[in-house]
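Generate coordinates for the entire structure from the input sequences, incorporating the hints supplied.
Protein chains in written order, with this note's numbering: chain A, 6 to 489; chain B, 6 to 489.
Calculated directly from the structure, the hints in this document are not laboratory data.
In this text the structure is predicted, and so the values were computed from the model without any measurement.
Beta carbons: idealized from backbone N, C-alpha and C, even for Gly.
Heads up, a few of these hints could be off.
[Stated by the list, open to error] Not the full set, but computed from the structure, chain B residues with beta-carbon under 7 Å of chain A:
id : residue
1  : 18
2  : 26
3  : 112
4  : 123
5  : 136
6  : 235
7  : 332
8  : 335
9  : 358
10 : 373
11 : 402
12 : 477
Number of protein chains: 2
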Amino acid sequence: MTNDPSRVGDMDPEEFRRQAHRLTDWIADYLAESGKYPVLARVAPGDITSALPADAPSHGEPFETIFADFEKILLPGITHWNHPAFFAYFAITGSAPGVLAEYLSAALNVQAMLWRTSPAATELEGVTLGWLRKLLGLPSAFEGVIYDTASISTLHALAAARERTVPSVRQLGLTGRDALPRLRVYCSDQTHSSIDKAVILLGLGQESLRKIPTDAEFRMRPDALAAAIAEDRSAGWLPLAVVATVGTTSSTSVDPVPQIAKLCARESIWLHVDAAYAGVAAMVPGHEWILEGAGEADSMVVNPHKWMFTPFDLSVLYCRHMNIIRAAFALTPEYLKTIEAAPVRNLMDTGIQLGRRFRALKLWMVMRHFGADGLRARLSEHMRLAQTFATWVDRSSDFERLAPVPFSVVCFRARAASPEDADRLNERVLEAVNSTGEMFISHTRLNGRYALRLAIGNLQTTEAHIARAWDLLREHTSRLRGAD
Amino acid sequence: MTNDPSRVGDMDPEEFRRQAHRLTDWIADYLAESGKYPVLARVAPGDITSALPADAPSHGEPFETIFADFEKILLPGITHWNHPAFFAYFAITGSAPGVLAEYLSAALNVQAMLWRTSPAATELEGVTLGWLRKLLGLPSAFEGVIYDTASISTLHALAAARERTVPSVRQLGLTGRDALPRLRVYCSDQTHSSIDKAVILLGLGQESLRKIPTDAEFRMRPDALAAAIAEDRSAGWLPLAVVATVGTTSSTSVDPVPQIAKLCARESIWLHVDAAYAGVAAMVPGHEWILEGAGEADSMVVNPHKWMFTPFDLSVLYCRHMNIIRAAFALTPEYLKTIEAAPVRNLMDTGIQLGRRFRALKLWMVMRHFGADGLRARLSEHMRLAQTFATWVDRSSDFERLAPVPFSVVCFRARAASPEDADRLNERVLEAVNSTGEMFISHTRLNGRYALRLAIGNLQTTEAHIARAWDLLREHTSRLRGAD
Chain A
6 MTNDPSRVGD MDPEEFRRQA HRLTDWIADY LAESGKYPVL ARVAPGDITS
56 ALPADAPSHG EPFETIFADF EKILLPGITH WNHPAFFAYF AITGSAPGVL
106 AEYLSAALNV QAMLWRTSPA ATELEGVTLG WLRKLLGLPS AFEGVIYDTA
156 SISTLHALAA ARERTVPSVR QLGLTGRDAL PRLRVYCSDQ THSSIDKAVI
206 LLGLGQESLR KIPTDAEFRM RPDALAAAIA EDRSAGWLPL AVVATVGTTS
256 STSVDPVPQI AKLCARESIW LHVDAAYAGV AAMVPGHEWI LEGAGEADSM
306 VVNPHKWMFT PFDLSVLYCR HMNIIRAAFA LTPEYLKTIE AAPVRNLMDT
356 GIQLGRRFRA LKLWMVMRHF GADGLRARLS EHMRLAQTFA TWVDRSSDFE
406 RLAPVPFSVV CFRARAASPE DADRLNERVL EAVNSTGEMF ISHTRLNGRY
456 ALRLAIGNLQ TTEAHIARAW DLLREHTSRL RGAD
Chain B
6 MTNDPSRVGD MDPEEFRRQA HRLTDWIADY LAESGKYPVL ARVAPGDITS
56 ALPADAPSHG EPFETIFADF EKILLPGITH WNHPAFFAYF AITGSAPGVL
106 AEYLSAALNV QAMLWRTSPA ATELEGVTLG WLRKLLGLPS AFEGVIYDTA
156 SISTLHALAA ARERTVPSVR QLGLTGRDAL PRLRVYCSDQ THSSIDKAVI
206 LLGLGQESLR KIPTDAEFRM RPDALAAAIA EDRSAGWLPL AVVATVGTTS
256 STSVDPVPQI AKLCARESIW LHVDAAYAGV AAMVPGHEWI LEGAGEADSM
306 VVNPHKWMFT PFDLSVLYCR HMNIIRAAFA LTPEYLKTIE AAPVRNLMDT
356 GIQLGRRFRA LKLWMVMRHF GADGLRARLS EHMRLAQTFA TWVDRSSDFE
406 RLAPVPFSVV CFRARAASPE DADRLNERVL EAVNSTGEMF ISHTRLNGRY
456 ALRLAIGNLQ TTEAHIARAW DLLREHTSRL RGAD
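The structure is reproduced here in structure tokens:
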């Protein structure tokens with residue numbers, strides 16, 4: 006055997022080359038034909054665990070053996086996010102140029118904590134985030150930084166808001182201080198759960214998060230926000246931040262950011278815009294309006310791993326006051342001090358994570374491979390497909406649409422005699438179509454009622470895929486209605 | 006052109022196959038010959054930025070063009086972490102099986118937030134962390150979870166300690182509550198900066214972090230810890246957690262965990278063990294002692310991306326009370342509710358990040374490819390190389406060793422007439438050897454004096470590499486001494 010894993014050193018180089026070429030062919034087939042797999046894994050809880058041994062092997066094994074087990078044991082337990090009929094949550098794409106970039110990044114294994122440990126990773130992050138900022142029409146005062154997830158981006162935004170409002174927090178913390186009032190964060194009742202988790206982690210408590218009611222199209226009501234702030238101030242709360250959303254998770258509604266931004270400016274409250282999913286659409290001609298007012302915000306998150314064809318994970322935080330994030334977190338122990346010929350940016354200063362992957366590489370390869378026009382064409386096509394599906398829903402007497410479709414997500418449901426019947430029916434429709442293996446959708450609740458959600462975001466999704474989804478939905482709805 | 010990036014859809018499948026095979030050959034060469042590159046990037050600040058355009062390309066570009074720019078512009082700006090003469094910080098390896106796993110993971114693009122969205126990723130995480138737990142001799146009460154970095158693992162451990170001590174924190178937060186005393190966290194004066202960042206983020210403030218003095222071998226003094234806790238209690242502080250370190254960043258010292266664990270049990274204080282770098286060495290026969298007492302801890306972090314040949318990032322938190330982490334953070338909005346046939350683990354419940362990559366795949370491939378014996382052989386070899394280098398230092402009249410060498414890191418310096426002269430000389434030696442391009446070491450301060458640090462952790466590092474490093478160190482030290 007050319008490859009004896011029990012010796013020291015890495016895998017034999019020629020063995021790596023052979024295995025990597027074999028894997029390349031498997032991946033090329035997979036990317037071309039991922040649609041042939043059942044999109045939702047069909048295993049039962051515990052199946053994978055019970056198929057695997059309870060202990061690590063004592064002796065090393067050839068890569069063929071390991072890969073054969075991947076195909077036999079793990080692959081049936083994969084829910085295929087890179088499948089053209091993955092319509093759940095927010096549909097995403099690990100695009101071909103992005104996959105190549107991740108492969109290269111793993112081989113380089115760069116850790117981008119300091120400029121010195123990663124000049125190319127550090128500077129490419131600045132360059133690519135400049136490109137994206139301009140494509141989205143955001144002001145040059147917005148400095149960008151890459152984190153793993155929107156949860157972490159938003160956490161940093163709210164930590165910065167806390168730092169600005171209570172500058173002593175870094176040194177003294179929040180406890181045991183009589184003079185410190187309760188702090189308040191505002192978002193709509195449609196806002197993502199990551200905001201709740203952030204206020205918990207920051208020690209503000211869920212009570213600090215006041216959820217503002219929304220209008221008939223699920224958009225935060227600025228009048229209700231203004232009233233809440235006024236009421237809180239007179240009750241002794243100190244407003245800390247407002248989180249406005251461009252593309253909410255349930256219905257992709259767009260909060261009225263221009264009005265909210267004006268209010269925040271007047272009240273001196275940090276405005277964070279969560280544009281994690283939909284922000285990228287602002288690069289499409291005719292859609293610039295969706296980020297109107299976001300340029301006035303203090304910070305904004307947008308996730309290229311959601312709807313910009315970049316393999317998971319890559320979230321971008323733009324911030325008008327990155328110096329405040331640095332003031333909150335920069336801290337250089339002796340073993341990380343470096344002396345350079347000119348001032349440099351050390352990425353570890355902009356966050357709580359010391360270690361950082363070379364994530365800018367995939368963003369760069371994706372943006373260059375598709376180009377700005379290519380990105381726009383793909384986003385437009387996804388919005389066209391969503392409109393097409395929405396039209397089918399609107400024209401059907403058996404279904405109804407439950408929210409506007411500004412982007413690539415359609416919320417709808419099968420009609421029934423009563424709202425309660427509709428809830429029960431649509432829950433069963435969801436399970437039925439998902440168990441076909443041909444499509445995967447998820448649900449939400451809008452105005453308290455169960456809603457089906459069809460989200461488009463995979464580069465291989467075509468009109469044939471949504472037509473098949475529509476057929477399956479109608480077929481199973483009829484069958485389930487007949488069975489009642 | 007077979008690949009027109011301006012059309013909709015992903016890269017043409019056959020174009021992907023061709024490009025991926027070419028990239029595979031490049032990566033195979035790179036992994037075999039990374040030692041031929043200057044290990045530390047030789048670019049000046051701004052070089053990369055100025056070589057790249059300020060705007061994204063309008064039109065998509067062929068992958069060849071992009072990769073040519075990678076080689077021409079970015080590669081000179083790479084500091085080669087996967088280089089056999091990378092001896093700085095903690096040296097790491099993006100091993101061949103790990104690189105293949107990351108490639109596959111990028112193509113699958115699984116997002117492991119819910120069991121349903123990733124049965125294989127969710128269950129493989131449980132299985133591989135069980136394997137690792139047993140290899141390290143940790144108790145079955147330790148449930149494991151994978152995060153990106155030790156910073157995030159430790160943050161969750163301290164968040165859990167906060168949740169246990171102040172159960173109302175999730176709802177009410179820490180502010181505006183007269184009854185809440187100041188909270189205290191303890192660690193040694195050698196502890197990693199991630200602890201400081203965690204207490205800042207959690208709203209405890211840096212003042213809450215009390216750094217306990219260490220003994221002559223840089224280990225936390227349990228008597229000093231006991232005295233600090235007693236003093237704090239009588240001054241009205243509420244002790245929250247102790248962080249003990251197994252393998253500190255400066256000198257890889259090992260805190261006396263058994264005594265600290267007894268003290269924490271008596272005082273009912275959460276004990277978190279930071280074994281991010283050195284914990285894996287407990288699997289090597291004769292080294293079981295290093296995790297003695299860690300089984301009594303409440304939580305422990307160990308990073309396979311540091312010294313277990315797993316491409317960055319993959320940090321593991323083991324916790325005896327994962328239910329407390331869930332109590333702190335679990336929160337399921339309607340759009341993430343699922344119904345399964347049996348109770349399942351949803352990974353989003355164990356943390357602040359909703360999105361999670363399929364990281365267990367690389368851990369599984371690395372552990373299977375090398376096997377337990379192969380991992381032990383490689384860790385032993387790195388410790389043998391460090392002992393060899395330490396012996397050279399000890400035998401030289403021109404150098405002195407500054408700390409014990411329990412693992413794979415040697416702290417030493419060139420001798421000089423006075424401590425101040427030694428500081429200046431060794432700073433210059435560091436810059437001189439690093440600018441050769443043949444090796445990369447970093448520094449720290451021990452007892453206030455500048456110390457060189459040589460860290461071994463790359464699978465391709467052999468005795469020849471450390472011998473060359475020793476030659477370069479002696480040669481440049483002599484030259485710099487002569488120049489004075």
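Can the hint on residue 26/B be confirmed by a CB-to-CB distance to chain A that is less than 7 Å?
holds (6 Å)
Less than 7 Å between beta-carbons is the criterion; does residue 235/B satisfy it with respect to chain A?
Not OK, violated: residue 235/B not within 7 Å of chain A, min 19 Å.
So, residue 332/B near chain A? Judge it on the closest CB pair being under 7 Å.
violated (11 Å)
Should the hint that residue 335/B touches chain A count as held when the rule is a Cβ pair under 7 Å?
Violated - the Cβ of residue 335/B stays beyond 7 Å from chain A, reaching only about 10 Å at its closest.
Closer than 7 Å between Cβ atoms is the bar; does residue 477/B clear it against chain A? Give me holds or violated.
Check failed: Cβ of residue 477/B comes no nearer than 19 Å to chain A, outside 7 Å.
Can we keep the residue 18/B interface hint, with Cβ of chain A closer than 7 Å?
With Cβ-Cβ at 4 Å, under 7 Å, it holds.
Tell me if residue 123/B is really an interface residue toward chain A, meaning its C-beta lies closer than 7 Å to one of theirs.
Check passed: Cβ of residue 123/B comes within 6 Å of chain A, closer than 7 Å.
With a cut-off of 7 Å on the beta carbons, see whether residue 402/B makes it to chain A.
violated (27 Å)
Hold the hint about residue 112/B up to the distance rule: shortest CB distance to chain A must be less than 7 Å.
holds (5 Å)
Hint residue 136/B vs chain A: min CB-CB distance below 7 Å?
At about 4 Å, which falls below the 7 Å cut-off, the nearest Cβ of chain A leaves the hint on residue 136/B intact, so it holds.
Residue hint residue 373/B, partner chain A, criterion CB-CB below 7 Å:
holds (5 Å)
Hint validation: residue 358/B versus chain A, beta carbon distance must be below 7 Å. Holds or violated?
With Cβ-Cβ at 5 Å, under 7 Å, it holds.
Going through the hint list in order, the structure does not satisfy hints 6, 7, 8, 11 and 12.
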